[in-house]
Amino acid sequence: MAAPQSRSGYLPDRTVHLHPLARCNLACKHCYSHSNPQASDLLDMKVLAPALARLRAEGYEVLSLSGGEPMLYPELGALTSHARSLGFRVVAISNGFRLNARFQHLIDGFDGLAISFDGGRDVHNKVRCNPRAYDMAMKGLEYLTGIGKPVAAAYTVSKESVQDIPAFVDDAARLGVRAVQLRPLVMAGRATDDYTDFALNKADRHRLWLIGEALASAYEGEIAVHTDLAHARNIVANRSAFDAVLNGCSPTLSDLVNPLVITPQGRMLPYTYDFPQEFTLGHISELAQGSIGAITQSAPKLKDLLHSVFEELEGRDDFIDWFAHTRDHARELVDAALV
Amino acid sequence: MEATSEKEVHKAIATRLARFDIRDDVLEKVSARVARNGLKVGGVDFCPYGICIDYFCEKELSIDELLVKEKYRVVKLFPYGILVDDLFRVQVEMHVPELAQHGLRG
Numbered sequence: 001m002a003a004p005q006s007r008s009g010y011l012p013d014r015t016v017h018l019h020p021l022a023r024c025n026l027a028c029k030h031c032y033s034h035s036n037p038q039a040s041d042l043l044d045m046k047v048l049a050p051a052l053a054r055l056r057a058e059g060y061e062v063l064s065l066s067g068g069e070p071m072l073y074p075e076l077g078a079l080t081s082h083a084r085s086l087g088f089r090v091v092a093i094s095n096g097f098r099l100n101a102r103f104q105h106l107i108d109g110f111d112g113l114a115i116s117f118d119g120g121r122d123v124h125n126k127v128r129c130n131p132r133a134y135d136m137a138m139k140g141l142e143y144l145t146g147i148g149k150p151v152a153a154a155y156t157v158s159k160e161s162v163q164d165i166p167a168f169v170d171d172a173a174r175l176g177v178r179a180v181q182l183r184p185l186v187m188a189g190r191a192t193d194d195y196t197d198f199a200l201n202k203a204d205r206h207r208l209w210l211i212g213e214a215l216a217s218a219y220e221g222e223i224a225v226h227t228d229l230a231h232a233r234n235i236v237a238n239r240s241a242f243d244a245v246l247n248g249c250s251p252t253l254s255d256l257v258n259p260l261v262i263t264p265q266g267r268m269l270p271y272t273y274d275f276p277q278e279f280t281l282g283h284i285s286e287l288a289q290g291s292i293g294a295i296t297q298s299a300p301k302l303k304d305l306l307h308s309v310f311e312e313l314e315g316r317d318d319f320i321d322w323f324a325h326t327r328d329h330a331r332e333l334v335d336a337a338l339v
Numbered sequence: 001m002e003a004t005s006e007k008e009v010h011k012a013i014a015t016r017l018a019r020f021d022i023r024d025d026v027l028e029k030v031s032a033r034v035a036r037n038g039l040k041v042g043g044v045d046f047c048p049y050g051i052c053i054d055y056f057c058e059k060e061l062s063i064d065e066l067l068v069k070e071k072y073r074v075v076k077l078f079p080y081g082i083l084v085d086d087l088f089r090v091q092v093e094m095h096v097p098e099l100a101q102h103g104l105r106g
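Chains as they are written, first to last, in our numbering: chain A, 1 to 339; chain B, 1 to 106.
Treat the hints as calculated values from the structure; they're not laboratory data. Worth double-checking, as some hints may not be accurate.
To be verified - If you want the ones that stay clear, here's a sample from chain A, every Cβ over 10 Å from chain B, calculated:
#1 K29
#2 P74
#3 E75
#4 A101
#5 M138
#6 A154
#7 Q163
#8 W209
#9 A214
#10 L215
#11 N234
#12 L246
#13 P300
#14 D304
#15 G315
#16 F319
Claimed, not checked - Covered, in the sense of this in silico footprint (three residues per stretch, anywhere, with C-beta under 8 Å from a C-beta of chain A), are these stretches of chain B:
#17 9-16
#18 19-33
Unchecked claim - Pulled a few chain A residues facing chain B out of the computed Cβ check, cut under 7 Å:
#19 I165
#20 D194
#21 A203
Since the model is a prediction, treat every value here as computed from it, not as a measurement. All C-beta atoms, glycine included, are put in the ideal place defined by N, C-alpha and C.
Hey, can you work out the whole structure from these sequences and the hints?
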């Protein structure tokens, strides 16, 4: 296995963000993957097993499962056990409905778990279209902290969920949750149809950044509070994290793309689930057959994209969500026929 | 009367921000000042006067520029010395009455 030389991109670990299925017991108003109880796309372990071995050999360290609801994946035990045998650290983000004693055998397969939240009880249940969603998610947090499993809360911040953040962090700290990740609402999937009024604007992002800093200070030593925003100047100042792509030298795939996103249809994409198709890195079945040609062919496009994003950011003076911003910039290039 | 703890001040500011009690233009002003000098932000703290920012700086810094041009209320400079040559931690205190007021009132 090629040992990663240094950091790749802005994530702390080299991560495969795998969506093994599209099915979910919920159908949230802002779901970026259009997941729902009827969705049937699913990746078979026969394809996943050899592909994961290849990805591990390419330097990826963390397998992060999402979906759909990962706890509904029919071969979940086999998937986590195979991934861990390859040396992956395996984590997932779940809605919490199945994080209880009945599914302990599946929970055991994870090194850590995160439960997703969309606000306090009222907002969360409204967004999840389910009156039990919040209580089930909180019970999940309580169960996981009770058994000593490392658990975090991933909190989607929209205009209507901002106000619930301080009380939520307080509850999470009381339960012994390790971290709260504040994630600005991403305008993707169903959110672009049903949830457009609640997107954050520039001032909201500034507000969120200050809220995150204030809460991180308030709860230092109790619970980590992280906000998925960075100032444009800091992003540009740290562009060396992308040296492998920008300098055209990529000894491993994980140097080139981090995170690598795999959809339930098997498509591989850089950074986000809804990245423009023009940047598709091929199909997972090609990895299973040992080919990485499609990914390496896409390297020049990514290089041009990153140069263009950094150039644009040099003129900005605000806080941005790096991955969503890069996706939006890629779309603009596609629309302008520059890709 | 018991003194307000730092944690309570921080929580109160977060709550006021989350309730949209602090105007957008104040947020813009603070954010712009945080980034204006191009230094790396190491941490943010809130105080009875407004907001304190910790920066990390690897170059020689003009204190006069920060005090006169940027008009920070207080500037503290901590050389890392033998730990890391040429690295400085710079703590500045900005007077932001809107944040200070909300923090103290809780």
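Cross-check of the supplied hints:
Distance to chain B confirms A/K29 as a non-interface residue, since its nearest Cβ pair spans about 21 Å, more than 10 Å. At roughly 40 Å, the least C-beta separation between A/P74 and chain B is larger than 10 Å, which holds for a residue marked as non-interface. Distance to chain B confirms A/E75 as a non-interface residue, since its nearest Cβ pair spans about 41 Å, more than 10 Å. Here A/A101 stays apart from chain B, with its beta-carbon at least about 34 Å from theirs, past the 10 Å limit.
With a closest Cβ-Cβ approach of about 19 Å to chain B, A/M138 is found to remain outside the 10 Å limit, as its non-interface label requires. For A/A154, the non-interface assignment is confirmed: its Cβ lies about 18 Å from the closest Cβ of chain B, beyond the 10 Å cut-off. Consistency note on A/Q163: stated as away from chain B, yet its beta-carbon is not over 10 Å from all of that chain's, at 5 Å minimum. Residue placement check: A/W209 does not keep its beta carbon more than 10 Å from all beta carbons of chain B (closest about 7 Å).
Non-interface call for A/A214 relative to chain B: violated, since the shortest CB-CB distance, roughly 4 Å, does not exceed 10 Å. Not every CB of chain B lies more than 10 Å from the CB of A/L215, the least distance being 5 Å, so the non-interface label is violated. A beta-carbon of chain B comes within 10 Å of the beta-carbon of A/N234; the shortest separation is about 7 Å. Every CB of chain B is more than 10 Å from the CB of A/L246 (nearest about 20 Å), matching its label as outside the interface.
With a cut of 10 Å on Cβ distances, A/P300 stays outside the contact zone with chain B, its closest approach being about 31 Å. Its beta-carbon lying about 26 Å from the closest one in chain B, A/D304 satisfies the requirement of being farther than 10 Å from that chain. No beta-carbon of chain B comes within 10 Å of the beta-carbon of A/G315; the shortest separation is about 13 Å. Not every CB of chain B is more than 10 Å from the CB of A/F319 (nearest about 7 Å), against its label as outside the interface.
A stretch counts as covered by a chain when three or more of its residues have a beta carbon under 8 Å from one of that chain; for the segment 9-16 of chain B and chain A the count is 5, and the coverage holds. Evaluation of the coverage hint for the segment 19-33 of chain B: fulfilled, as 9 residues show C-beta separations to chain A shorter than 8 Å, against a requirement of three. Hint on A/I165 holds. Least Cβ distance to chain B is approximately 5 Å, under the 7 Å limit. Interface restraint check for A/D194: the shortest CB-CB distance to chain B comes to about 23 Å, outside 7 Å, so the restraint is violated.
Interface hint status for A/A203: upheld, as the beta-carbon distance to the closest one in chain B is roughly 4 Å, under 7 Å.
Violated hints, listed in ascending order, are 7, 8, 9, 10, 11, 16, 20; each of the other numbered hints is respected by the structure.
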